[in-house]
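*Asks:* Letter by letter, the chains look like this.
Number of protein chains: 2
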Amino acid sequence: MTAMINLGRRAKAAAQTLAVTPTQDKNRALEAITAALATHQASILAANADDIAEAEAGGLTDALIDRLRLTPDRLQAIAAGVQQVAGLPDPVGEEFDVRTLPNGLRVRRRRTPLGVLGVIYEARPNVTVDSAALALKSGNATIMRGGSETLRSNLALIAAICDGLAAAGLPTDSVSYVDKTDRSLVLDMLRLHTHIDMIIPRGGAGLHTFCRENATVPVITGGIGVCHLYVDASADLDAAVGVIHNAKVQRPSVCNALDTLLVHPDVAGTLIPRVVERLGADGVTFRGDARSTALADGIEPAGPEDWDREWLSLVLGIRVVDGLEEAVGHIREHSTGHSDGILTTDAQHAEHFINVVDSAAVYVNASTRFTDGGELGLGAEVAVSTQKLHARGPMGLTELTTYKWIVEGDNHIRS
Amino acid sequence: MTAMINLGRRAKAAAQTLAVTPTQDKNRALEAITAALATHQASILAANADDIAEAEAGGLTDALIDRLRLTPDRLQAIAAGVQQVAGLPDPVGEEFDVRTLPNGLRVRRRRTPLGVLGVIYEARPNVTVDSAALALKSGNATIMRGGSETLRSNLALIAAICDGLAAAGLPTDSVSYVDKTDRSLVLDMLRLHTHIDMIIPRGGAGLHTFCRENATVPVITGGIGVCHLYVDASADLDAAVGVIHNAKVQRPSVCNALDTLLVHPDVAGTLIPRVVERLGADGVTFRGDARSTALADGIEPAGPEDWDREWLSLVLGIRVVDGLEEAVGHIREHSTGHSDGILTTDAQHAEHFINVVDSAAVYVNASTRFTDGGELGLGAEVAVSTQKLHARGPMGLTELTTYKWIVEGDNHIRS
Chain L
1 MTAMINLGRR
11 AKAAAQTLAV
21 TPTQDKNRAL
31 EAITAALATH
41 QASILAANAD
51 DIAEAEAGGL
61 TDALIDRLRL
71 TPDRLQAIAA
81 GVQQVAGLPD
91 PVGEEFDVRT
101 LPNGLRVRRR
111 RTPLGVLGVI
121 YEARPNVTVD
131 SAALALKSGN
141 ATIMRGGSET
151 LRSNLALIAA
161 ICDGLAAAGL
171 PTDSVSYVDK
181 TDRSLVLDML
191 RLHTHIDMII
201 PRGGAGLHTF
211 CRENATVPVI
221 TGGIGVCHLY
231 VDASADLDAA
241 VGVIHNAKVQ
251 RPSVCNALDT
261 LLVHPDVAGT
271 LIPRVVERLG
281 ADGVTFRGDA
291 RSTALADGIE
301 PAGPEDWDRE
311 WLSLVLGIRV
321 VDGLEEAVGH
331 IREHSTGHSD
341 GILTTDAQHA
351 EHFINVVDSA
361 AVYVNASTRF
371 TDGGELGLGA
381 EVAVSTQKLH
391 ARGPMGLTEL
401 TTYKWIVEGD
411 NHIRS
Chain G
416 MTAMINLGRR
426 AKAAAQTLAV
436 TPTQDKNRAL
446 EAITAALATH
456 QASILAANAD
466 DIAEAEAGGL
476 TDALIDRLRL
486 TPDRLQAIAA
496 GVQQVAGLPD
506 PVGEEFDVRT
516 LPNGLRVRRR
526 RTPLGVLGVI
536 YEARPNVTVD
546 SAALALKSGN
556 ATIMRGGSET
566 LRSNLALIAA
576 ICDGLAAAGL
586 PTDSVSYVDK
596 TDRSLVLDML
606 RLHTHIDMII
616 PRGGAGLHTF
626 CRENATVPVI
636 TGGIGVCHLY
646 VDASADLDAA
656 VGVIHNAKVQ
666 RPSVCNALDT
676 LLVHPDVAGT
686 LIPRVVERLG
696 ADGVTFRGDA
706 RSTALADGIE
716 PAGPEDWDRE
726 WLSLVLGIRV
736 VDGLEEAVGH
746 IREHSTGHSD
756 GILTTDAQHA
766 EHFINVVDSA
776 AVYVNASTRF
786 TDGGELGLGA
796 EVAVSTQKLH
806 ARGPMGLTEL
816 TTYKWIVEGD
826 NHIRS
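Respectively, the protein sequence lines represent chains L and G. End of the first sequence = 415 in the working numbering, gap-free, step of one. End of the second sequence = 830 in the working numbering, gap-free, step of one.
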């Protein structure tokens, strides 16, 4: 624990500096990091080549290796992302609920950084840079812990980031990295509530569960989406096929992709064959309940556990439900509370669905793929929360802040 | 775990009803609970008398027994509190960040209840009723677990609450109570993240630590205040003595009472003897550093651990610090981030203190005793959070809510 406490202490000291660093100085540091990523390109790509060689020797799949790989283009895109963060509005310092109470006390709340963020992630090295940039812009220090497959790449990226911080005169302890691959250090990190204010896991369900089970630091859990679309009897079926196709096929490996399609019996006979034809042409396979398998060829019977699967691939569950209430019941039982929608032209059904479905994002006549900080207008995305505390759904810069109460008086005492 | 899962399932079903219950129906239930507390008075007081008899036989201190005791007056005050909650504005349903994006998607966020709250508390039976009322008003179900010393009183109060709920046609599962005193049930409750959305501990530091160490449900930690006032060289000393007296003496047993006084050397020789005289007359004893003990009779030397003590009694730590920076350094090291203040007439010093002291409530020229939802204008108080996620400082009804994103389109797809 000593090593982690020392890291935490240094990060906390850096956070105290960042908390009072003006916006223009933080932006200057982001520009310097952008520049440093370019000047460090050779060492970053060399480190990444070593990671890739080890991954190939270790027999990782091509798909996973592609996620680890950095190229000059990808690195440039990562650097451009940092520059874009510099252009976003700074949430820190905003004041709200400004009031003078009847007794004359002047009360307001001021948005402040959280302090120290812990980011625990897997695979993609771009997370290292994205997280550091978003944390820095919102005045937070970061302690990062990436996957062992990208250790060399991450350390090379961190070296560039620290060069940028130093060039801009900000503490290099603002961004630090847990460079041992020992899992006990992750446990230490999860329990360092004296020095870390929030843990953000970025990875699969296993990582989120591990963090929730072991952390004493507050954790943002999320990113796991068993997502539903319910096609109502009144839906525009031509449009519905397009929305379903987009939600399933546009990027099947992500959390806001469609997992289960629920269909009203009045339109199931028309819609399901069309869905199977259109999505099947793009390689989608189907798992259906007994009523849907009877309506089209090529639907395998679904097992009971299939309704709780986040497919992350070109598989779609299909179930015929007896109307809106049964659709809502299915969603209540199987949704992870990420993104669920209704396709309907009936305004009352839409309103009912919005009211009773308790998910981070509830859709009417749109693809679930829009649950994303960039798509919904936050300018950036740190994570998608499916828990209800602090922030729900896409989290942007504001969600990396807290507030303090400021109370000014004329030597007021409480009576 | 089975018993707790069943309780959780019923609470979650009740929460789904409460989430769509109109404000007037929730208010009607609060009125019915107010009435039921009056009609149940005899059984509640009888149950409380049994608890008190057992506490006396068990040798509990008079001070603790007084905290457990219900009288007709106290019960009436509790019922009046429920009626007052009925009069507060309902935060549920409020919509914010309403926008139409460039692509035509209509996006907004709507405030919704958290769902199921777990309240784990000690001693005072009024917490049973207060928590149930605030949760109900904000559309949440509650699972409560009070101390074993008040089990009979709490069950009698819950019976009255459930009668009120039933009379108003709301599910009686909206408020439930873990009526075994077995500690393993608390552990089950802390780990029921599938059914409980937030745990609110109300009690001492030990309870908060136990919850943080063991919960997989998000916990609001707080309520522990090692609170400071720093008297600057420029302070109005007459006024300062009054503020210090109020912060320490007005109610010494609570979390926002003053624990440590920090004094600038220029005014220490004048101020400290006056503080010792004025507060000493009300029974306060003092623990000081070497410089302060030299300035007045009756200050015992402080041990190093005394600077981290939440006294909760008529004891005050006093330390002479070499100006603002050393005061801030002391606060950074020893504050629990609850309530800390500066007494000064120097606007620049005040502004610096506000900027760099990272506590839930930061004061200028006022007593720390104002850190309270009622005092700061929230209308009610659920808890005082000293963590940074979700809510910081006093929590009112709004802090018992989350939000959902509502996205409406015209069959929009992501490109």
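Please note that a few of the clues may not be correct.
To be verified - Taking lysine to aspartate or glutamate and the DMTMM-like style, the derived pairs with C-alpha atoms no more than 20 Å apart in a straight line are:
1) Lys12/L to Asp603/G
2) Lys427/G to Glu325/L
3) Lys427/G to Glu333/L
Claimed, not checked - So these bits of chain L aren't anywhere near chain G, every CB distance computed over 12 Å:
4) Thr112
5) Thr221
6) Ala240
7) Pro273
8) Asp297
9) Ser339
It is worth saying that the hints were derived from the structure and are not from the lab. Where a beta carbon is used, it is the ideal one built from N, C-alpha and C, also for glycine.
*Asks:* Confirm or reject each hint.
*Replies:* Status of the hints after comparison with the structure:
For the hint linking Lys12/L to Asp603/G, the alpha-carbon distance of about 34 Å lies beyond 20 Å, and the restraint is violated. Distance check on the hinted pair: Lys427/G and Glu325/L sit about 17 Å apart at the alpha-carbon level, within 20 Å; holds. The straight-line distance between the Cα atoms of Lys427/G and Glu333/L is roughly 12 Å, inside the 20 Å bound, and the hint therefore holds. Non-interface status of Thr112/L relative to chain G is broken: a Cβ of that chain comes within 12 Å, the nearest being about 7 Å off.
Once the 12 Å rule is applied to beta carbons, Thr221/L is inconsistent with being away from chain G; the minimum gap is 8 Å. Taking the minimum C-beta to C-beta distance to chain G, about 7 Å, the non-interface status of Ala240/L is violated against the 12 Å cut. With a cut of 12 Å on Cβ distances, Pro273/L stays outside the contact zone with chain G, its closest approach being about 20 Å. No Cβ of chain G approaches the Cβ of Asp297/L within 12 Å, the least distance being about 26 Å, so the stated non-interface status holds.
Non-interface call for Ser339/L relative to chain G: violated, since the shortest CB-CB distance, roughly 9 Å, does not exceed 12 Å.
The structure shown violates the earlier hints numbered 1, 4, 5, 6, 9.
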